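Novice: Listed here are the chains, written in short residue letters.
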Amino acid sequence: MSFFKKLKEKITTQTDSVTTKFKDGLTKTRDSFVGQMNELVKNYRSVDEEFFEELEDILISADVGVHTVMDLIDELKDEARRRNIKDAKDIQPVISEKLAEMLQKSENESALNMQETMTVILFVGVNGVGKTTTIGKMAHRFKQEGKSVVMAAGDTFRAGAIEQLEVWGERVGVDVIKQQAGSDPAAVMFDAIQAAKSRKADVLLCDTAGRLQNKVNLMNELEKVKRVISREIPDAPHEVLLVLDATTGQNAMSQAKTFSKTTDVSGIVLTKLDGTAKGGIVLAIRNELDIPVKFVGLGEGMDDLQEFEADQYVHGLFADVLQEAEELAEED
Amino acid sequence: MAFEGLAERLQGTLNKIRGKGKVSEQDVKVMMREVRLALLEADVNFKVVKDFIARVKERAVGSDVFESLTPGQQIIKIVNEELTALMGGEQSKIAVAQKSPTVVMMVGLQGAGKTTTTGKLANHLRKKHNRNPLMVAADIYRPAAIKQLETLGKQLNMPVFSMGDQVSPVEIAKEALAKAKEDHHDYVLIDTAGRLHVDEELMGELDEIKELAKPDEILLVVDAMTGQDAVNVAESFNERLGITGVVLTKLDGDTRGGAALSVKAVTDTPIKFAGMGEKVDQLEPFHPDRMASRILGMGDVLTLIEKAQTNVDEARAKELERKMRTNELTFDDFLEQLGQVRNMGPLDELLNMMPGAGKMKGLKNVQVDDKQIGQIEAIVRSMTKAEKEDPSILNANRRRRIAKGSGTTIQEVNRLIKQFGEMKKMMKQMSGMQQKGKKKKGGLGGMKFPFM
Ligand SMILES: Nc1nc2c(ncn2[C@@H]2O[C@H](COP(=O)(O)OP(=O)(O)OP(=O)(O)O)[C@@H](O)[C@H]2O)c(=O)[nH]1
Ligand SMILES: Nc1nc2c(ncn2[C@@H]2O[C@H](COP(=O)(O)OP(=O)(O)OP(=O)(O)O)[C@@H](O)[C@H]2O)c(=O)[nH]1
Ligand SMILES: [Mg+2]
Ligand SMILES: [Mg+2]
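Order-wise, the sequence lines are chains P and X. The first sequence begins at 505 in the numbering used here and counts up by one. The second sequence begins at 3 in the numbering used here and counts up by one.
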């Protein structure tokens, strides 16, 4: 079966609503990206140096990062030579194939590591990326699955952070365990674990203050928060989700590296994909650090969180190109 | 740090060229490629990079780079000059309206730092300009956004105007202006909700607020970590609202901050302030020249030097500087330096500002908290005078004795001695930069590169 057919089948077996939502969210991303791709194909009928230069620009403008782009282009050049591809339209499937391959290495990578008893999920990341909002959305998601959820207000530093989580708690009907502003976040986590245990909660979602990864003291504090969780529940946290803002450029790589070192990140939530930013840096992160993207944020509402699907992500990026390729195939 | 600075990048190319005598046009091309990569890695938008490279190349080809014995220096000089020109001069002034109050509107994407910056600006206006601003909570969407601004107001002991989240932002702005006039506030700072530049409805809301409040200043708040999309964001906000300036936040991070260049290039409005932390007093004037060297990966040398200057006593500094230069630094000086460095702020932040500090393995992991300083002190105190002055005599026996005397391990002693060596090396390098900076102003901003 061809790559496109496989991809298409996979997508149509997904519930329509999910696909639509995802596609809507990515429309803008796709429009600009694919628009450029189409331009590219129109302008360069043949696969030559100029074609690759333009492709390089397209990928770079998606924040994929220079190194990854160079590697990718080299591979594509090899591939084009090997398969004797001369026509620009024939290289398109190869491009999306490569991207999907890079993003998803096995099935079910985006599934969360859920426990029989309580699952503890710790959210980490730099300032303003969407940690607290993602926790609210995820609480809503778990609630809808019939699970009981507790949230821990571990950001005791930023003005209004506790109240922000409390509003989310009210919105989705979930209890928030908190202490006063300014108190020790590790102590909040300790409290939250006891409270969640005694309530027999299925899931405990732990918010933390945003911190830039070069602040050693703050990273140490985060390490301590994690340590306290592990001390209370030996294999917890069961997931450490690094929240990345899709608008972020190359610094996201540094974020992924440092937060991984400190907290052993198990997955990424890529937020704000409803804008025009493409979050291409996750390709580089996947390539270098092998951290899978597990969820994507597509808005500020409680329903705007979707499980990440590499095929859909790539499909979203290349939908028009796919269609075009299919039409061409039919004509043949 | 994951990035290679331009200087390091060019060094590689230059090593190949060196010995060939003259630089060919092909060599310039190779160098331009390095410049391009450096800028792209720093998140400068690829279109902006393209234009920029074209300009630099034109100048390079027209100049005497080919004849120069120091082509790398020439290229960096041109790049730095062009970059600085593009960044524009320093303009950390806030508009003053003919008729009070001056209205400032904060706009930008979600999470960029608008609310925090509103608090910082209020503080800045009061402290530096003796003003009496009123902050306005016009974000009715984000959970607890009003509470956030009110908390900042409380911290600052400054008033915040709010009407809850059931009244439209336009209405809030209107009432706020009336209130400001009534209470004789000379500045009104309107914090608006974060929104996507492609969100028609919410962008329209900003239009309406603008129409009504007639702001003297519309500041676009941009996260310094923003990637390629910075261009689209800045362009959209500017076209829609006509922004008058930019605040670049989170510059206390280790991002190169190429977005600064992108934003400047597409809006042609000045970047007025830099957010340097989460606290209300961490707002600084934006220095375009420093940003240029930061983007090029040359460290924020000037900031560092400025910080050092405000903290170190002159005469002692001169003496230290001489010692650094001549490599005579002793462990006692080291202790003293540590103390001073501690006064300047967290060491990890300082290290981030140092050129090449990321490359020094030993240094990258020095994290000096109070406990560790205590330990370092104990180790140094267990040294004899001779040892402090000449670490080279520290053989295994001596090291063991010191470990015992200070209640540390021999590994810890070894590590400190190694770090001291690295620090000495770096100090020597830095003192070179300072010297050069004194002699010749402008140009390269007194920076020293390995191949100059
Ligand atoms: N458009 C859009 N906005 C989002 C998304 N996720 C979060 N936001 C917004 O981004 C802003 C910051 O979100 P927060 O959840 O407060 O981010 P945070 O990481 O908790 O921030 P700090 O705790 O201050 O570090 C808010 O205005 C959110 O509504 C998303 O997927 N799309
Ligand atoms: N390190 C650092 N953090 C900053 C800086 N400016 C803002 N922040 C942090 O960034 C996060 C977001 O800041 P906010 O002021 O809430 O951003 P906002 O633009 O008002 O966000 P929305 O209202 O949700 O759109 C918070 O955690 C702030 O503490 C800065 O200069 N440095
Ligand atoms: Mg938060
Ligand atoms: Mg805000």
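The hints are simulated quantities; they were obtained by calculation from the structure and are not laboratory data. Any given hint could be a false lead.
Stated by the list, open to error - No farther apart than 16 Å at their CA atoms in a straight line, the calculated lysine to aspartate or glutamate pairs in the EDC-like style are these:
(1) P:Lys590 - P:Asp552
(2) X:Lys52 - P:Asp552
(3) X:Lys52 - P:Glu560
Nothing here was measured: the structure is a model prediction, and the numbers come from that model.
Novice: Hints first: check each against the structure and report whether it holds.
Specialist: Hints and how they fare:
no.	hint	verdict
1	P:Lys590 - P:Asp552	holds, 8 Å
2	X:Lys52 - P:Asp552	violated, 20 Å
3	X:Lys52 - P:Glu560	holds, 13 Å
The structure does not agree with numbered hint 2 stated previously, though it agrees with all others.
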